[in-house]
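*Asks:* Letter by letter, the chains look like this.
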Amino acid sequence: MKLFKQTLLAAAIAFSTASAWADEVQVAVASNFTKPLEEIGSKFKAATGHDIKVSAGATGKLYAQIENGAPFEVFISADSKTPKKLVEAKQAEADSQFTYAFGTLVVWSSKEGYVDDKGDVLKKGEFQHLAIANPKTAPYGEAGMAVMEKLGLTAAITPKLVTGENITQTYDFVSTGNAELGFVALSQVSKANKLKSGSVWVVPQEMYKPLAQDAVLLTKGKDNAAAKALLDYLKGEDAQAIMTSYGYALPKKAEVK
Amino acid sequence: MLSPSDWSAVWLTFKLASLTTLILLLIGTPLAWHLARTRRWWKAPLSAVVALPIVLPPTVLGFYLLITMGPKGPIGQLTSALGWGTLPFTFTGLLVASVFYSLPFVVQPIQNAFETLDMRLMEAASTLRAKPLDAFFSVALPMARPGFLTACILGFAHTVGEFGVVLMIGGNIPDKTRVVSVQIYDHVESMEYAQAHWLAGGMVVFSFIVLLLMYTLNRGIRMSKI
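Chains as they are written, first to last, in my numbering: chain A, 90 to 346; chain B, 1298 to 1523.
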């Protein structure tokens, strides 16, 4: 029995020191940021030696998982509302929340030359289906509705709307050609500052509320040096260069602490 | 309580499940008969194809339906050529998807019933000069009644409970493709838990009653036979 206790104690000590020196961080990331985070992750590892383990999902779903005890240490959200709610629920460290990037809304079609660069295609209304992320739950969907409201097209277009569960599904509707066009994120349709395929209208930023995307340190990661290092790295130039190449707008320098 | 849009989703789900079950009875009965009787080489591959929706995740089915029924897919090109447009985001599209999705739940119980059928009764009918089709309708069908009951109930209930497929090809359009399961998901995602509870709780009660009915009735039929 004594031996058993001693072994247990030794194991406990071993584990606690291991976590103090941990060079691995569990990250929950909104699906739209998965690709850039993979690139950032490999540069981060090269720079610091820390490894990141990534779980991607819809922001709302990740919120529910974190609230229910998921072992994530850093949360990279697609909005600023959800990290704030986690801070209020004491699941995240209050002073750690910051905006790492702004999403850019676009109207995209998988057909070449279908969407003009002024968005007149929306006014012409010759399409059967316009895909949009659920405006009740997805920030990009909400922004898309605001744009249609600005253009005075809400009533005309509503019967043609097909709603994706999130922007990833919305992108699927458009990329398979089932919807002629849709509101998606610039980061989904561009890489290295180039449109991957189809045609696009980058909606002017003043037509919708800024799509601030925030990151936050979760309570479970507050003693993990690698978690803090990752959040710092997200504010740095290397990470920001990757984000702009995916079509994200950067927060003004003053906003980055 | 339930809002008008909730009721609309309930009605749509009922319509979808009823039509799916009806179509599956028409397609599934000859298919089940064939599978129960044939000894040809294709029995195993055909049975495997019928059973696929049981093991495949709905996302796989939904994903392939979205592609094949889309403008670039073979079904999509066929329906467009016929002047029907493409099927995703329409009620017809959901119906086609549900028929695929619920196929094994209708075919398998009927097939089981046909397989346990005493063939001597069919032979007796034919010695009494019943034509094969007549013998099928007046002997085989009544004998297989419990199988049909199970098939109807499972086909209907399984379509009501469908989620992944309708989410992927439905487009969440009110009154057209937003069925109960999607409506509940929407309520939960928007944190409207009270509304979600009304619908979700209703779904639990409904499913229990349906299954209870099935087990009670099937037992009744079996008892009356003995």
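Don't take each hint at face value.
[What the hints assert, rightly or not] Cβ-to-Cβ under 8 Å is the rule here; a few derived chain B residues that face chain A: (1) 1369; (2) 1372; (3) 1383; (4) 1385; (5) 1431; (6) 1458; (7) 1461; (8) 1483; (9) 1490.
Calculated from the structure, these hints are not laboratory results.
We put the CB at the ideal spot given by N, CA and C, even for glycine.
*Asks:* So, for every hint listed, does it hold in this structure?
*Replies:* Hints, verified against the model:
1. Taken as an interface hint, residue 1369 of chain B checks out: its beta carbon lies about 5 Å from the nearest beta carbon of chain A, inside 8 Å.
2. Interface hint at residue 1372 of chain B: violated, since its Cβ lies 12 Å from the closest Cβ of chain A, which is beyond the 8 Å cut-off.
3. At about 6 Å, the closest approach between the beta carbon of residue 1383 of chain B and any beta carbon in chain A falls short of 8 Å, and the interface hint on this residue holds.
4. Given hint, residue 1385 of chain B at the interface with chain A, holds; its Cβ is 4 Å from that chain's nearest Cβ, closer than 8 Å.
5. The beta carbon of residue 1431 of chain B comes no nearer than 47 Å to any beta carbon in chain A, farther than 8 Å, and the hint placing it at the interface is violated.
6. Annotation: interface hint on residue 1458 of chain B violated; nearest CB of chain A at approximately 18 Å, more than 8 Å.
7. About 11 Å separates the beta-carbon of residue 1461 of chain B from the nearest beta-carbon of chain A, more than 8 Å, and the hint is not met.
8. About 7 Å separates the beta-carbon of residue 1483 of chain B from the nearest beta-carbon of chain A, less than 8 Å, and the hint is met.
9. For residue 1490 of chain B, the shortest C-beta to C-beta distance to chain A is roughly 12 Å, which exceeds 8 Å, and the interface hint is violated.
Violated hints, listed in ascending order, are 2, 5, 6, 7 and 9; each of the other numbered hints is respected by the structure.
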